[in-house]
Amino acid sequence: MYIYDAFDRRLLAERVLEFRDQVSRRLSGELSEEEFKPLRLMNGVYLQLHAYMLRIAIPYGTLSTPQLRKLAEIARKYDRGYGHFTTRQNIQFHWIKLAELPDAMAELASVGMHGMQTSGNNVRNITTDQWAGVAPDEIEDPRIWAELIRQHVTLHPEFSFMPRKFKIAVGASDRDRAALRIHDMALRLHRDAAGGTGFEVMVGGGLGRTPYLAQTIKPFLPKRDALSYVEAVLRTYNQFGRRDNIWKARIKILVHDLGAAAFAKEVEAEWRSIKDGALVLDPAIVADIAGRFRYPDYETLDDSPPGLAATRRNGRVFDAWLSNCVTNHKVPGYAIVTLSLKPEGGTPGDCTAAQMDKLADLADRYSFGEVRVGHEQNLALPHVAQRDLPALWRELDAIGLAQTNVNLISDIISCPGLDYCSLANARSIPIAQEITRRFRDLDRQRNLGRLHINVSGCINACGHHHVGHIGILGVEKNGEEFYQITLGGKADENATLGTLIGPAVPYAQVADVVEDIAAAYLDMRDKPSELFIDTVKRVGIEPFRERVYAAR
Amino acid sequence: MPLVENGQIVQDRYRYVGDEEPIPERVPVIVTAQRFLADTDALIRRDGSLGVLWPNDRRIAELAPWLGHLALVALQFPKFRDGRAYSQARLLRETYRFRGTLRATGDVLRDQFHFLIRAGFDSFEVKKPADAGAFAQAASRYSVVYQPSADGQVPALRRRVQRAAPSES
Amino acid sequence: MTSPLDQKKIKIAGPVVVTANRVDDGAVVYRSPDGGWTTELGGAAIVIDADSARSLAEAAAGDDLHAIGPYIAPVKLLPGGNVRPGNLRELIRRGGPTIELPAPLES
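As you go down the protein sequences, you meet chains A, B and C in turn. First residue of the first sequence? That's 1 in the working numbering, and the numbers climb one at a time after it. First residue of the second sequence? That's 1 in the working numbering, and the numbers climb one at a time after it. First residue of the third sequence? That's 1 in the working numbering, and the numbers climb one at a time after it.
Bound-form chain A, shown alone:
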């Protein structure tokens, strides 16, 4: 992971001081709420239903164990003993007091963490896939580029008051595990015909009231030009994005209204005037940043060590966990372990302070002190020796982090919804919880196979319901909670928006509807290995619609 240097620490310390001053001027009345609100948003401080919420950035989803322990401390000291991991690789604390925030932020700064630009009309946390740096299929570590861009956009004087928020994701593999196409801008490292590496640049993705998938405006951008091109896109958006209507202010609307080609042309014109200036990324600059990424001192190990196979044969549950939660690593003898934060009846993405502390200990012993956060609201241990898997599994099980449901129907992505969020129209967490109870049987889940359910409590779509295999969107009708169901969404390299299957159903029926959809899939799949999403694609949504609404 990236190690802060004196510059990074100094900037963060100065930011904390500035915020402390701003909070004190707010509490004294010198700053009105209208003046203070954008300032607190720039530090990730929201007002929610019951309290302030602090959103802390976890750049490209990478956490060190000192950072994880500090998050546990913050949870205990300033919150209610737990945190919530989000669909953008951030963590949220839902019970923070404004008056205590400067102290909490000073503590976070001591481990290089902050809430800068996790809210507000600026560039938000840069995300990548949580297997960055260890995935066998990536061409290089995208986090280096995410860090270069992160620094560039932090406290950027020109782009701190844009029409709306701006979310950037970086990828480095053909398989898209970072949901690139639903971002305002995405950069995907790939090779050209000559074998050189550069970025495919996509802009204009975003969910919400008018969902769009990002379009490619630059098929191959040389690495040296990454920052200047990002600058040109942001400058174009800052000047021409709509500011008259909050629902039309994202870059996706601008790209759609102008057309991708015209938008690209506008960016190109601006880019030409700056591309050879101060933003050129010399190899020395890139090497300097790359040099501050620490990689583990891997041992030389063989794949499939003896003992592992035996343990699999002797333990059904361990075997299921291995099949579902453990994936190949680019270094022989190692593995990536995904930790499900979706226990039966639990809140998706929540993690207690006690779990965080224990996980930090496990990460120190088994994963070179590093943990990852994924946009699916699960965690990962990225550097586990395969020979350690049985012992690790037992210890994870003891702290409730060995659920075998990764990528299965009960591995649900959900926003906090009306239980916490002031934007929500309906609750989302209890919907997810009930589904996990209905499908608690692991054999049943494994029979259904990979099936992504996404739940959002309002049209802002923080649960990414548009790109769920099954998407669930909470709406309000006459004071009651109703839910629209979509099918067929995908968040990967074949990103697709789901299709509404019919009228919204009431709160009490949502889990029944999901059972009907699951049953319909089992009836219609042409073989057990045909995934749910592929059956939907093959037969269309009509058979599912009929099944769901036959009795309703």
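Everything labelled a hint here was simulated from the structure, so no lab data went into it. Do not rely on the hints blindly, as some may be mistaken.
Said to hold, decoys possible - Chain A side only, calculated, beta carbon under 7 Å to chain C, not exhaustive:
no.	residue
1	S32
2	E33
3	L47
4	A51
5	Y52
6	Y82
7	K97
8	L98
9	P102
10	D103
11	I429
12	P430
13	N478
14	G479
Cβ coordinates follow ideal geometry from the N, Cα and C atoms, glycine included.
Given the coordinates of chain A, work out where chains B and C should sit on it, guided by the hints.
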């Protein structure tokens, strides 16, 4: 509304002149974009410093041909959340190399001073008198910047490779 | 929620209160008859016509030193004088999340 330049509250040498008013002789004036574009020749031939108040929803490129004749460009922040003038300012300074006075007007508040200075503004019609007094403190909040901008500060990315690291504190 | 002052015409369909969040800790508060704020719904000023609601909301909006984001929220008046929140959102604001918060593991 106090005017701050060079870290101090100063008297405004410039006078804003309405579109229907006659332009006084030999006095620094600021006119609207409309007036400037309607009356360009007369204004630039006039004896006296000339400034233009440019709206935040028109391209700077339209003003670019006459920058050599302008002593001052005033840009607008109708609400401080509307950040279009930051881009206009940088374009003026960095793309068009405008060297005259660049003034921030409108909803100009203390918590944006750092950004305004970095974007190239050097003259500030500060909305709140109390903020004017705090200008120097607000302006020196940050000793590290992450990106190059109109103020010429060397960003951290470059300072590192120049081995100009600050001493550990 | 839309600020009550953004609405040109405030229409109310029953008894309402003005509610907001306290500045220093974000706790849910209700405008009280004495012009202060209380965390107890029972202590809130209740009004039943649009004009009173508007003036209550305007006064509240001017008090952002203590509470932020005030708006008009429905309540139900029960026989016996008890006041209940008038919709699910207000129930949740007063009572907290409808789900159990994660229980910390025994260390």
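Does the closest beta carbon of chain C sit nearer than 7 Å to the beta carbon of A:I429? holds (5 Å)
Answer holds if the nearest beta-carbon of chain C is closer than 7 Å to that of A:L98; otherwise answer violated. Cβ of A:L98 sits 6 Å from chain C, so the hint holds.
Have a go at the A:Y82 hint: is there a Cβ in chain C nearer than 7 Å to its own Cβ? With a minimum Cβ separation of about 4 Å from chain C (threshold 7 Å), the hint on A:Y82 holds.
Interface hint outcome for A:Y52 [beta carbon to chain C under 7 Å]: holds (4 Å)
Go through the hint on A:P430 and say holds or violated, using the shortest Cβ distance to chain C against 7 Å. Since chain C brings a Cβ to about 6 Å from A:P430, closer than 7 Å, the hint holds.
Given hint A:D103 near chain C, where the shortest CB pair must fall under 7 Å: violated (13 Å)
Hint check: 7 Å Cβ-Cβ cutoff, A:A51 to chain C: holds (4 Å)
Using 7 Å as the Cβ threshold, decide whether A:K97 counts as touching chain C. holds (4 Å)
Double-check A:E33 for me: the hint is only fine if its C-beta lies closer than 7 Å to a C-beta in chain C. The hint holds - A:E33 has a Cβ within 7 Å of chain C, the shortest such distance being about 4 Å.
Chain C contact restraint on A:L47 - CB to CB distance below 7 Å: Holds, about 6 Å.
Under 7 Å is the threshold here; is the Cβ of A:N478 close enough to any Cβ of chain C for the hint to stand? violated (10 Å)
A:G479 as chain C interface residue, shortest Cβ-Cβ below 7 Å: holds (6 Å)
Of the numbered hints listed earlier, those contradicted by the structure are 9, 10 and 13.
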